[in-house]
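K.L.:
Sequence:
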Amino acid sequence: MTVETQKETLSFQTEVKQLLHLMIHSLYSNKEIFLRELVSNASDALDKLRFKSLSQADLVEDDAELKIRLDFDAAAGTITLSDNGIGMSRQDVIENLGTIARSGTADFIQNLSGDQKKDSKLIGQFGVGFYSAFIVANRVEVLTRKAGAPAEEGVHWDSTGNGEFTIGAVELAERGTTIILHLKDEEKEFADGYRLRSLIKKYSDHISFPVVMKSEPQETEEGKEAEAPQDETVNEATALWTLPRNEIKDDEYKAFYKHVAHDFEDPLTWSHNRVEGALDYTSLLYIPARAPFDLYNRDAPRGLKLYIQRVFIMDDAEQFLPLYLRFVKGVIDSNDLSLNVSREILQNDKTVDTIRTALSKRVLDMLKKLAANEPEQYQKFWDEFGQVLKEGPAEDFSNKDKIAKLLRFSTTQTGEAAQTVSLDDYIGRMREGQEKIYYITADSHTAAKSSPHLEVFRKKGVEVLILSDRIDEWMMNYLSEYDGKSFQDVGRGSLDLGSVETEEDKKEVEKAAEEHKPLLERLKKALEDRVQDVRVTKRLTDSPACLVVGDFDMGAQMRKIMAAAGQKVPDSKPIFEVNVEHPLVQRLESADGDERFNDLATVLLDQATLASGEQLEDPGSYVTRLNRLLLELSR
87 MTVETQKETL SFQTEVKQLL HLMIHSLYSN KEIFLRELVS NASDALDKLR FKSLSQADLV
147 EDDAELKIRL DFDAAAGTIT LSDNGIGMSR QDVIENLGTI ARSGTADFIQ NLSGDQKKDS
207 KLIGQFGVGF YSAFIVANRV EVLTRKAGAP AEEGVHWDST GNGEFTIGAV ELAERGTTII
267 LHLKDEEKEF ADGYRLRSLI KKYSDHISFP VVMKSEPQET EEGKEAEAPQ DETVNEATAL
327 WTLPRNEIKD DEYKAFYKHV AHDFEDPLTW SHNRVEGALD YTSLLYIPAR APFDLYNRDA
387 PRGLKLYIQR VFIMDDAEQF LPLYLRFVKG VIDSNDLSLN VSREILQNDK TVDTIRTALS
447 KRVLDMLKKL AANEPEQYQK FWDEFGQVLK EGPAEDFSNK DKIAKLLRFS TTQTGEAAQT
507 VSLDDYIGRM REGQEKIYYI TADSHTAAKS SPHLEVFRKK GVEVLILSDR IDEWMMNYLS
567 EYDGKSFQDV GRGSLDLGSV ETEEDKKEVE KAAEEHKPLL ERLKKALEDR VQDVRVTKRL
627 TDSPACLVVG DFDMGAQMRK IMAAAGQKVP DSKPIFEVNV EHPLVQRLES ADGDERFNDL
687 ATVLLDQATL ASGEQLEDPG SYVTRLNRLL LELSR
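For what it's worth, the working numbering labels the leading residue of the sequence shown as 87, then goes sequentially.
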């Protein structure tokens, strides 16, 4: 190494400073994972070189044996990890080691609580990679040269992790990256051959490249010269997914997941499958235990690690799973695709479409099995990923029934906001004569539970699904039936209670509509600017009135989503239903004079609007009108 040139001192990105501080303190009890993270990064660098060398053979120079080398110096208190992979340029180093170029970083920082145990899990799901070196080191050096770049374009990066780093140019004869950890005094136990070997076996045995260390010195007979240490591979160096399932232990599956997902927690479940015949591929798919911060960013990187004939091709190959399954992690290794494949080619490849269909069904079957055999684990999955799975009925029509079986809901019988009831559970509890699956949508669980639309269902003892996630109304546009039972929104159109409603009930509503026809016509005239129709309700038992959405009109949730997205919301008016048995409606019916009648009618309409979770266009007029009526009553 020659003298550094072009040396400068730069500051870490603010989020990196915060992350370093919190990580060092929160992960101290799990500090040995630093080696797993660094080895994983080195493996990725080797994968990338192997792929690029397919089209640029000169990148391997005269060093074609890809490997990771691990050395230590107990006296100096250092650990050195080297790889002859893709390496980095000066700009790569600044971008990769000085910033966190990932959406959701600010949200991540805000979610940290100060509780070391909780924060350890959060940090693990975010992924810390290179920065984990500072858990055990008070100074870290990086020497790197990008494959294909001349020797004089090597880069030397140096930092104590306290807010700044220095970077300079240095001549490096070999491509790749070397990381030197200057261990803290209390962490020098890691500069030990046995300890490092045991950590490689524990965390990185599955890495498909050899991790090489010098052999331990052997005791010799007196007078004999000791043999010089030899290079030896300390991991299995076999791609885990290529092994038969019966040869792989659960702990090995879990360790491999942490490598591909850069996660600290074990997965909830996994599926390892080999397909031979018309297509030839292997898949190893995992369901994580916790959602990443960018889960709801549909444009964030996602997908499987793609290998072709065991050659790494790309991270985040999103073409092999639909968007609603973007939480799945794992590997796909195909023997049918070309090694020079690109993302654009993958988008239009029939083989990829066939694999995508098969993998989608496999994931849904994994979840079905988890729900049946480990319901508590499935509930953890649902709490983390349920809203994303709800995108499925719209995106994957062929698997709509499979997805519907996996959905979970809160209902009027559960009493809690937690979504724990399946559609099979609901159908199993349906009342005799009930023919439909009833549901209500609202902005919150509380708003739905207090909705006047539920009054007749409480009276009849009929359970109703409560849908309060923003995506719910959109999802229900694509779910028309399940297990032969159609869905009905209790706040939309004419309410059909089937056999639960007696003939006497129906006749009473018809009779009331005829008897109170003048009232209905008078209301319709008074409120014609705001409602499309007025009719006698069969929904209400306690409330005076409610609003109903027309059969083909857009509901409140969808209107709000469209408005938030800056799209034009279609014009529509609700239907106004009144409970003619209610004292307020009876008083309205006997009101003298149009002005008083109009005031009472408008107040009832405004109250029904508020009860439905909508905002009033003119709250001031509502207050003024209500105060005027209250003053009249007090005289």
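Among these hints, one or two may not hold up.
No more than 20 Å apart at the CA atoms, straight line, and that leaves these computed lysine to aspartate or glutamate pairs for EDC-like [what the hints assert, rightly or not]: (1) Lys593 x Asp582; (2) Lys603 x Glu614; (3) Lys624 x Asp637; (4) Lys546 x Asp529; (5) Lys611 x Glu549; (6) Lys611 x Asp511; (7) Lys491 x Asp582; (8) Lys436 x Asp511; (9) Lys646 x Asp511; (10) Lys545 x Asp619; (11) Lys300 x Asp469; (12) Lys571 x Glu594; (13) Lys288 x Glu275; (14) Lys654 x Glu700; (15) Lys455 x Asp511; (16) Lys546 x Glu594; (17) Lys522 x Glu462; (18) Lys624 x Glu589; (19) Lys659 x Asp619; (20) Lys138 x Glu518; (21) Lys546 x Glu521; (22) Lys603 x Asp680; (23) Lys455 x Asp336; (24) Lys545 x Glu594.
The calculated label-pair distances, taken between Cβ atoms and stated as ranges, are [what the hints assert, rightly or not]: (25) Asp366 x Glu272: 41 to 47 Å; (26) Asp317 x Glu430: 38 to 44 Å; (27) Ile431 x Ser284: 28 to 34 Å; (28) Ser284 x Glu260: 27 to 33 Å; (29) Asn224 x Asp366: 40 to 46 Å; (30) Ala161 x Ser428: 46 to 52 Å; (31) Glu594 x Gly652: 42 to 48 Å; (32) Glu601 x Ser536: 25 to 31 Å; (33) Asp178 x Phe638: 15 to 21 Å.
These aren't lab readings, by the way, just hints derived from the structure by calculation. Model, not experiment: these values are computed from the prediction. Using N, Cα and C, we set each Cβ at its ideal position, and we do this for glycine too.
K.L.:
It remains to establish, for every hint, whether it holds in the given structure.
P.N.:
Hints versus structure:
{"no.": "1", "hint": "Lys593 x Asp582", "verdict": "holds (14 Å)"}
{"no.": "2", "hint": "Lys603 x Glu614", "verdict": "holds (16 Å)"}
{"no.": "3", "hint": "Lys624 x Asp637", "verdict": "holds (16 Å)"}
{"no.": "4", "hint": "Lys546 x Asp529", "verdict": "violated (25 Å)"}
{"no.": "5", "hint": "Lys611 x Glu549", "verdict": "violated (36 Å)"}
{"no.": "6", "hint": "Lys611 x Asp511", "verdict": "violated (45 Å)"}
{"no.": "7", "hint": "Lys491 x Asp582", "verdict": "violated (24 Å)"}
{"no.": "8", "hint": "Lys436 x Asp511", "verdict": "violated (39 Å)"}
{"no.": "9", "hint": "Lys646 x Asp511", "verdict": "violated (31 Å)"}
{"no.": "10", "hint": "Lys545 x Asp619", "verdict": "violated (26 Å)"}
{"no.": "11", "hint": "Lys300 x Asp469", "verdict": "violated (48 Å)"}
{"no.": "12", "hint": "Lys571 x Glu594", "verdict": "violated (27 Å)"}
{"no.": "13", "hint": "Lys288 x Glu275", "verdict": "holds (17 Å)"}
{"no.": "14", "hint": "Lys654 x Glu700", "verdict": "holds (18 Å)"}
{"no.": "15", "hint": "Lys455 x Asp511", "verdict": "holds (16 Å)"}
{"no.": "16", "hint": "Lys546 x Glu594", "verdict": "holds (16 Å)"}
{"no.": "17", "hint": "Lys522 x Glu462", "verdict": "violated (28 Å)"}
{"no.": "18", "hint": "Lys624 x Glu589", "verdict": "holds (13 Å)"}
{"no.": "19", "hint": "Lys659 x Asp619", "verdict": "holds (9 Å)"}
{"no.": "20", "hint": "Lys138 x Glu518", "verdict": "violated (65 Å)"}
{"no.": "21", "hint": "Lys546 x Glu521", "verdict": "holds (14 Å)"}
{"no.": "22", "hint": "Lys603 x Asp680", "verdict": "holds (17 Å)"}
{"no.": "23", "hint": "Lys455 x Asp336", "verdict": "holds (17 Å)"}
{"no.": "24", "hint": "Lys545 x Glu594", "verdict": "holds (16 Å)"}
{"no.": "25", "hint": "Asp366 x Glu272: 41 to 47 Å", "verdict": "violated (52 Å)"}
{"no.": "26", "hint": "Asp317 x Glu430: 38 to 44 Å", "verdict": "holds (42 Å)"}
{"no.": "27", "hint": "Ile431 x Ser284: 28 to 34 Å", "verdict": "violated (43 Å)"}
{"no.": "28", "hint": "Ser284 x Glu260: 27 to 33 Å", "verdict": "holds (28 Å)"}
{"no.": "29", "hint": "Asn224 x Asp366: 40 to 46 Å", "verdict": "violated (50 Å)"}
{"no.": "30", "hint": "Ala161 x Ser428: 46 to 52 Å", "verdict": "holds (50 Å)"}
{"no.": "31", "hint": "Glu594 x Gly652: 42 to 48 Å", "verdict": "holds (47 Å)"}
{"no.": "32", "hint": "Glu601 x Ser536: 25 to 31 Å", "verdict": "holds (30 Å)"}
{"no.": "33", "hint": "Asp178 x Phe638: 15 to 21 Å", "verdict": "violated (55 Å)"}
The structure shown violates the earlier hints numbered 4, 5, 6, 7, 8, 9, 10, 11, 12, 17, 20, 25, 27, 29 and 33.
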